[in-house]
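Chains B and R, in that order, give the protein sequences.
Per the working numbering, the very first residue in the first sequence carries number 1443; after that it's consecutive.
Per the working numbering, the very first residue in the second sequence carries number 436; after that it's consecutive.
Hints are computed from structural coordinates only; laboratory data are not their basis.
Just so we're clear, the structure is a prediction, and the values are computed from it rather than from any experiment.
Please note: incorrect hints may appear among the correct ones.
Cross-link-like lysine to any residue pairs, in silico, SDA-like; alpha carbons within 20 Å at most [to be verified]:
id : chain 1 : residue 1 : chain 2 : residue 2
1  : B       : Lys-1678  : B       : Leu-1701
2  : B       : Lys-1618  : B       : Gln-1648
3  : B       : Lys-1700  : B       : Thr-1712
4  : B       : Lys-1618  : R       : Gly-488
5  : B       : Lys-1678  : B       : Ser-1734
6  : B       : Lys-1516  : R       : Ala-678
7  : B       : Lys-1618  : B       : Arg-1651
8  : B       : Lys-1516  : R       : Arg-511
9  : B       : Lys-1516  : R       : Ile-527
10 : B       : Lys-1707  : B       : Arg-1697
11 : B       : Lys-1618  : B       : Pro-1739
12 : B       : Lys-1700  : B       : Pro-1739
13 : B       : Lys-1678  : B       : Asp-1694
14 : B       : Lys-1516  : R       : Arg-687
15 : B       : Lys-1678  : B       : Pro-1484
16 : B       : Lys-1678  : B       : Gln-1578
17 : R       : Lys-607   : R       : Leu-688
18 : B       : Lys-1516  : R       : Lys-607
19 : B       : Lys-1516  : R       : Gln-689
20 : B       : Lys-1707  : B       : Asp-1737
21 : B       : Lys-1516  : R       : Ala-682
22 : B       : Lys-1707  : B       : Phe-1684
23 : B       : Lys-1516  : R       : Ala-683
24 : B       : Lys-1678  : B       : Leu-1721
25 : R       : Lys-607   : R       : Gly-684
26 : B       : Lys-1516  : R       : Gly-679
27 : B       : Lys-1678  : B       : Ala-1736
28 : B       : Lys-1618  : B       : Ser-1644
29 : B       : Lys-1618  : B       : Lys-1678
30 : B       : Lys-1516  : R       : Gln-528
31 : R       : Lys-607   : R       : Arg-511
32 : B       : Lys-1516  : R       : Pro-532
33 : B       : Lys-1700  : B       : Ser-1734
34 : B       : Lys-1516  : R       : Ser-534
35 : B       : Lys-1516  : R       : Met-529
36 : B       : Lys-1516  : R       : Val-680
37 : B       : Lys-1618  : B       : Ser-1734
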Amino acid sequence: MAAIDVRDLRKTFPSRRGAPVEAVGGISFAVEAGERLAYIGPNGAGKSTSIKMLTGILYPSSGEATVLGIVPWKRRRELAARIGTLFGQRSQLWYQLTPRQTYSLLARIYRISDQEERRRVDELGELLDARGLFDQPVRSMSLGQRMRCELVASMLHAPEVLFLDEPTIGLDLVAKARFRDLIVRINQERGTTILLTSHDVSDIEQVARRVIVINHGRLIYDDRVSVMRRALLGTKVLDVRFAHPPGDVQVDGARLVKLTGAGAKLEVDTGARPIRSVLDDLLDRYQVVDISVADPPLEEIVSHIYARPL
Amino acid sequence: MSPYLAGWRLGLLRTLRSPGDLSVRIGFFAVILLVMSALWGTAIDANGGQLEGYTRSSLLWYVFAAQTAVLGVRPRSVEEIGDEIGGGAIAIQMLRPVSVVGLRMAIDLGEACARMAVAFVAGAALTWLFAGPPPSLSALAMAVPAIALGASANIASSHAFGGVAFWLLDAKSTWFLYQKLVFIPGGMLIPLDLLPRPLEVVCAVLPFATMAYVPGKIASGDANPLLLLWQVGWLAALLALAAGVFAAGERRLQVMGG
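In isolation and in its complexed conformation, chain B is listed as follows (with noise of 0.2 Å):
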């Protein structure tokens, strides 16, 4: 039995002004026990909707929907007890408290007794390195810090699927790289089922094997991420300053997209010569202060699927 079984699914919200918006449009997908699973798709695409009503917060339109062969909004609580749910926007920490304390309150929820709390609390501290933070109040913590005492409080249940909605919304490179290494760990380690969403397509390339890509409410690109990266994600865009204004930019390989004074935008096609080799030529022949690398944004990986043959 898929841990995940969603078919047509459906919402629409009333509007007080015109016609009602629809945020999803019939979506249809299965997720295998032990998956990890991108659900992806621009701003407004979706997502966070989907998640509503897969985890029984909020009633589809029409459709149907099981987690663990529960349907989410005829029995929530019971559903709530088998999953953990992880929202970069929303705390479920008490920012007065340390989080020690509000996984204790946690713990008496989900009926856990007082040594398996400090067992899994110690446990779940080592695999994220997080003990060190336990005993400190959340208000004085770094957004890093509190999203690892936040992923122990999604996992101190032993949640057999856990929804992630934009868990590394806000945070640094570092912590953002730490972070989906700990959400991979989990899955390996427990063999927890992961659902996550995002609009930042390395959170995809580094966590999920699978990606689900949907906009304007609607699937459209299902495979795994490795064929994805073949397919989709073959060009790394660089910003680049310079000492002083180029005037033109040429680099084998690299096509200029901006050139702003000093600054520049290039698209590399990695397929056609690799990322490094082209940073090396950049370097030789001009006067670079400061470069990064970056994934395309998500809107043109969408616009890119659209314009697939079909």
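Mind docking chain R on chain B? Use the hints.
Chain R in isolation, oriented as in the chain B frame:
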């Protein structure tokens, strides 16, 4: 330990760990007692030492108990509940295998108990100082459960009123109305006995009277156990109402986006 008892304990701890906030509230409470003492003292002196059966002392003990019961509840509670519902923060609370409204009320009651305990000790000392000993020590002892029941009714009622945000997406106007209901029909500002008779009768049958008037009435020397029973009855009704509002509201929650 049940999740609700754990929630109560968390609320208690949370309040005790914010001594600054607690001190400000108690300081404000002392000011109210001082002002009321001067105000009612003048009114009663001008009326020959009595007002509808209240002496200066009994009226100040009324004010003490009524204010203590109301002080326990966060003043903007209804508005905050509305903001959490309208803004979608309530969704996180719905992802737990417990009653959302039950856990919320348990936490709020824990906070209220911490505030009321401090307010009771500080307020009783100040009132004793301003007004002399209470009219009856047994009535003062009976005011303790009455204050707790009054605050509980206030918390349950706040959730029922705040829960309208499931439909209106906001509870600011509801909070404005609610605040006035606790002030006048609740007997927080003036004992109901001092209102014109028809208004007194109407206010006395409303649940708001159990939140301030009943604790005040008992502390002023009227140790009638039926008053406690009246509070228990309304508390049960308000708990059922809050649970009903949240149960219906959770089914129609509309939260768009992250």
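Original post:
Lys-607 of chain R and Leu-688 of chain R: Cα distance at most 20 Å?
Top reply: holds (18 Å)
Original post:
Do the alpha carbons of Lys-1618 of chain B and Gly-488 of chain R lie within 20 Å of each other, as the hint requires?
Top reply: violated (70 Å)
Original post:
Does Lys-1516 of chain B pair with Ser-534 of chain R here, judged by a C-alpha cut-off of 20 Å?
Top reply: It holds: about 15 Å lies between the C-alpha atoms, which stays within 20 Å.
**OP:** Please work out if Lys-1516 of chain B and Gln-689 of chain R have their alpha carbons no farther apart than 20 Å.
**Re:** holds (16 Å)
**OP:** Below or equal to 20 Å on CA atoms is what counts here, so check Lys-1516 of chain B against Ala-678 of chain R.
**Re:** holds (18 Å)
Original post:
Within a Cα-Cα threshold of 20 Å, do Lys-1516 of chain B and Ile-527 of chain R meet the stated pairing?
Top reply: Between Lys-1516 of chain B and Ile-527 of chain R the Cα gap is close to 17 Å, so the pair holds against 20 Å.
Original post:
Does the structure keep Lys-1516 of chain B and Gln-528 of chain R at a Cα separation of 20 Å or less?
Top reply: holds (17 Å)
**OP:** Please work out if Lys-1516 of chain B and Gly-679 of chain R have their alpha carbons no farther apart than 20 Å.
**Re:** With a Cα-Cα distance of about 17 Å, the restraint between Lys-1516 of chain B and Gly-679 of chain R holds, given a limit of 20 Å.
Subject >> Pair hint outcome, Lys-1700 of chain B versus Pro-1739 of chain B [Cα-Cα no greater than 20 Å] >> reply: Holds, at roughly 16 Å.
**OP:** Would you mind confirming whether the straight-line C-alpha gap from Lys-1678 of chain B to Pro-1484 of chain B stays at or under 20 Å?
**Re:** holds (18 Å)
**OP:** Take the C-alpha atoms of Lys-607 of chain R and Arg-511 of chain R, compute the straight-line distance between them, and say whether it is at most 20 Å.
**Re:** holds (9 Å)
Original post:
Keeping to a limit of 20 Å between CA atoms, is the pair of Lys-1618 of chain B and Arg-1651 of chain B held or broken?
Top reply: holds (18 Å)
This entry does not satisfy hints 4, 8, 16 and 18, going by the numbered hints stated previously.
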